[in-house]
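Starting from the structure of chain A, add chains B and C where the hints point.
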Amino acid sequence: MPLTLAELAGRINAELRGDGDIVVSSVATLQQAGAGQLGFLANPKYRRQLATTRASAVILAEKDVRFCPVPVLVTDNPYAGYALAAALLHPRRSPKAGIHPSAAINASAQVDKSARVDAFCVIRAGARIGPRVHIGPGSVIGEKVTVGAESRLVARVTVLAHARIGERVLLHPGVVIGSDGFGMAEVDGQWRKVPQLGSVRIGDDVEIGANSTVDRGALDDTVIENGVKIDNQVQIAHNVFIGAHTAIAGCVGISGSARIGRHCTLAGGVGVVGHIEIADHVHITGMSMVTRSIHRPGSWSAGTPLMETSRWRRSAVLMKQLDKLARRVAELEKNMENK
Amino acid sequence: MPLTLAELAGRINAELRGDGDIVVSSVATLQQAGAGQLGFLANPKYRRQLATTRASAVILAEKDVRFCPVPVLVTDNPYAGYALAAALLHPRRSPKAGIHPSAAINASAQVDKSARVDAFCVIRAGARIGPRVHIGPGSVIGEKVTVGAESRLVARVTVLAHARIGERVLLHPGVVIGSDGFGMAEVDGQWRKVPQLGSVRIGDDVEIGANSTVDRGALDDTVIENGVKIDNQVQIAHNVFIGAHTAIAGCVGISGSARIGRHCTLAGGVGVVGHIEIADHVHITGMSMVTRSIHRPGSWSAGTPLMETSRWRRSAVLMKQLDKLARRVAELEKNMENK
Amino acid sequence: MPLTLAELAGRINAELRGDGDIVVSSVATLQQAGAGQLGFLANPKYRRQLATTRASAVILAEKDVRFCPVPVLVTDNPYAGYALAAALLHPRRSPKAGIHPSAAINASAQVDKSARVDAFCVIRAGARIGPRVHIGPGSVIGEKVTVGAESRLVARVTVLAHARIGERVLLHPGVVIGSDGFGMAEVDGQWRKVPQLGSVRIGDDVEIGANSTVDRGALDDTVIENGVKIDNQVQIAHNVFIGAHTAIAGCVGISGSARIGRHCTLAGGVGVVGHIEIADHVHITGMSMVTRSIHRPGSWSAGTPLMETSRWRRSAVLMKQLDKLARRVAELEKNMENK
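Protein chains in written order, with the working numbering: chain A, 253 to 591; chain B, 253 to 591; chain C, 253 to 591.
Next comes chain A alone, as it looks inside the complex (with noise of 0.2 Å):
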């Protein structure tokens, strides 16, 4: 959707400094950009490609504009100004309301009428879908499950478990919502199952990405609060609490139990064990394992620099030798007291 700079300067509270009659239709990179461009600066890695830019307008900092040879929307966050700026030009079309003849609906299952519901998809007894949700191609939805206004399903997703999901939450081809927990006893050396009984709950705005799964709680819930933003191939198990607008990164794994904070951010591939809580406003750093509860916000970390593999391997007969080194220092230690 075209708009004058003016208009978007307007929209997404940047000032503007140049000509408010330009009209910009799509975003693109610096490097890319064309006439009729929109362009931004948030890294500073990319300022000089500002001098050759063909971009019609950037969106930059205050500190930047005298780098930038075009018309400039000037604002504090740039990246959050592009982000808005993007959604303004490149809006997602509401999906046209209606039912695909194909998909297999329960006639106790409650489906709005501006809600769209694609091919092959399932919907069982008493699941009830909101206005403008949109139930993308081939997706299951259980017994009992909700489905809040405007949230979409983007294609083959699965919600069991009578999971309650909140409005305008974004779901990723191959998420799972509401698989069994992983609950076993031990009898006699063999596994027996726990029934797992607990449901899942979905805050708004949340967004779960590409093949990530959420395991429903064994007795109480799994709990997503508002605004928890997670990545492709995320797990999170049965009983997991994740505090409002959280951002996990792909390849997280949170085991049963766990309490997550408010406003945090766990990095790729980072490991949480089970029945421990994070404070707010922690982050953890890509692949660390957290083994222990976190009580006051800060950063962690775990795991080993990268070195050339033969250096490594050296090093790595170290670690396993650490106790041999420290008591050869402590050795030492004693011998020079004695001299």
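Treat the hints with caution; some may be incorrect.
Which copy is meant is left open, so a pair is good if it fits within one copy or across any two.
Claimed, not checked - Only pairs whose alpha carbons sit at most 20 Å apart, straight line, appear in this in silico EDC-like list of lysine to aspartate or glutamate: (1) 445 / 273; (2) 445 / 472; (3) 365 / 419; (4) 572 / 560; (5) 445 / 477; (6) 396 / 472; (7) 348 / 395; (8) 576 / 560; (9) 315 / 267; (10) 586 / 419; (11) 445 / 419; (12) 445 / 456; (13) 297 / 529; (14) 445 / 328; (15) 297 / 472; (16) 315 / 328; (17) 396 / 456.
If you're looking for bench data, these hints aren't it; they were derived computationally from the structure.
Showing chains B and C alone in chain A's frame:
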């Protein structure tokens, strides 16, 4: 299904202390339970909840009886007793037999009359679906696959490569069984695919979690023995062997031709390299990498402890320079001798 | 397809020693092979199986000929020779052209007459499906997606975001191509979605394993070059570039805008942070985290060795106190000088 405490005590082999005529009809946590509900205490962390529980009865161990103000079912293994009681009070409904009219079933496939096949399933030539099996919606059963009695494929499960699935097997949504193994030969810097011709054999009473994958063998079969329990997003490569009653938590990856013993546990995020053997009764802690065979029972670990990032950075520098530190200690030892 | 050893030797460019009229019709391991079957020896670990093999012939290297009691096909690269022989003896059946009547295909999509589309597939507006392509059951092909000749989507594959898939590409069950990247801008402690507008380009002869995910670019495309091989449950974030003939094993995660060179190998469970570059011919060992750019070929590692848990616990304490140990050594050095 409501039961009296007397009936329940008999069925789970627990000792009743209290009024045997009291009826319970569902399970709940000590904190949430109300009248007609059965609680349990398996983790000492929750003992203090006994005092205020409103459960009609509680399953617990002898040592906790004195803390409990309501009737109790006493057993040596309260968690196992709870698992059994929960299964009795919340029995799974048997699936109604029948084939959804949309299912695409090859004429040469054999589906038992007591089985259930849901909407949008594909069952190919020569497949055999046993008694009381439930094939959930959107599942794909490849040629000559067999699924044993009372197994349940919850939804959107794919089984290929002539795989043989045992009885009472539970496959959660998104599971893929029998995909090609990652077999390639390098020829002049390019990868030539090695045809994957083996199959997958899965024993009885196996459970596999959402979006987990089990590749077919390259020539011989990938084998998962009876009673193995596998969590979500686990990857089992070609020709892996997993011994009976082993449990594998979420996000584990097992490389080709690894052989895992019986009664092992692999915690979340563990990785196992290819072509190694792990003995029976081996336990691997979370996110450890198993790089060589383990020939005796026991618990094994790898990884570094979680630290505040600022401190971890200093520590990481030292990890890279362990060889230098070791040389300095050796030098000191030499000097000390010469003094 | 049965072949004589003479024919086979010619086709795989091996030297035959033995009766060229012998016919083989399938491949097997040295241990399992019987009459009419072809074995191979590529891993010295299995050499002792030669003596007792009942294979009709064996593919092996010159150095192993003297251990083999049956006819041999001698080649410098027995594993590559085997791969080729297996493909000749076990050719994939070409899929029968045709569109399953249940498939939901938009009128403006172009499906080549020689292509096959299985049950419950969705093909949206403007998509183009090339010659001899096989779209397996339950797959979803989004708007304007193109799939090149002879590619095969095994089952339940999702391709969105106008992605362009090359020729002879093999996508295993559960693969998702073109899901939204994980792009968010923080505004007042909440996450604002950054519209994901780019696409995905996948070259020829690429293979992607079960339940792997490849996100669309934010603005520019995510690119996977020719001949790249990707195993199961791999996550490729937005705007990643993967150079030709690179192989990526299971459970790898690659963060946004990372650029991986050609002819690289990433072993299982590796993680790569975003916005870095890895040169051609770089090899990363299992479960290592790549935290910075790598500018020259070679092998790189991270992680700690596996230890018995009791010993690892002591070692972990020392890892946390490496700075203290280093200070003690420095102190000793100072004292030594002063003596």
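To see whether the hints hold, each was checked on the structure:
Taking the shortest alpha-carbon separations for residue 445 and residue 273, neither the intra-copy value of 67 Å nor the inter-copy value of 28 Å comes in at or below 20 Å. Proximity of residue 445 and residue 472 under a CA criterion of 20 Å is satisfied intra-copy only: 17 Å inside one chain copy versus 31 Å between copies. For the homomeric pair residue 365 and residue 419, the shortest alpha-carbon distance inside one copy (16 Å) is at most 20 Å, but the shortest distance between copies (42 Å) is not. When the C-alpha separation of residue 572 and residue 560 is checked against a cutoff of 20 Å, the pair qualifies both within a copy, at 18 Å, and between copies, at 10 Å.
When the C-alpha separation of residue 445 and residue 477 is checked against a cutoff of 20 Å, the pair qualifies only between copies, where the shortest distance is 17 Å, while the shortest distance within a copy is 29 Å. In the homo-oligomer, the alpha carbons of residue 396 and residue 472 lie at most 20 Å apart inside one protomer (17 Å), although the nearest pairing across protomers, at 41 Å, exceeds that limit. Taking the shortest alpha-carbon separations for residue 348 and residue 395, only the inter-copy value of 15 Å comes in at or below 20 Å, while the best intra-copy value is 25 Å. Taking the shortest alpha-carbon separations for residue 576 and residue 560, only the inter-copy value of 16 Å comes in at or below 20 Å, while the best intra-copy value is 24 Å.
For the identical chains of this complex, residue 315 and residue 267 are intra-copy neighbours only, at 13 Å inside a copy versus 71 Å across copies, given an alpha-carbon limit of 20 Å. With identical chains, the CA atoms of residue 586 and residue 419 are never at most 20 Å apart, being 67 Å at best within one copy and 66 Å at best between copies. In this assembly of identical chains, residue 445 and residue 419 lie within 20 Å of each other by CA distance solely across copies; the values are 15 Å between and 34 Å within a copy. With identical chains, the CA atoms of residue 445 and residue 456 are at most 20 Å apart between copies only, with a shortest distance of 14 Å across copies and 33 Å within one.
Taking the closest pair of Cα atoms, residue 297 and residue 529 come within 20 Å of each other only across two copies (14 Å); inside a single copy the shortest separation is 37 Å, beyond that limit. Within a single copy, residue 445 and residue 328 get their C-alpha atoms only as close as 54 Å, which misses the 20 Å cut-off; across copies the closest is 18 Å, which meets it. In this homomeric assembly, residue 297 and residue 472 come within 20 Å of each other (Cα to Cα) only across copies, at 17 Å, whereas the closest approach inside a single copy is 47 Å. When the C-alpha separation of residue 315 and residue 328 is checked against a cutoff of 20 Å, the pair qualifies only within one copy, where the shortest distance is 10 Å, while the shortest distance between copies is 62 Å.
For the identical chains of this complex, residue 396 and residue 456 are intra-copy neighbours only, at 18 Å inside a copy versus 31 Å across copies, given an alpha-carbon limit of 20 Å.
When each numbered hint is compared with the structure, violations occur for hints 1 and 10.
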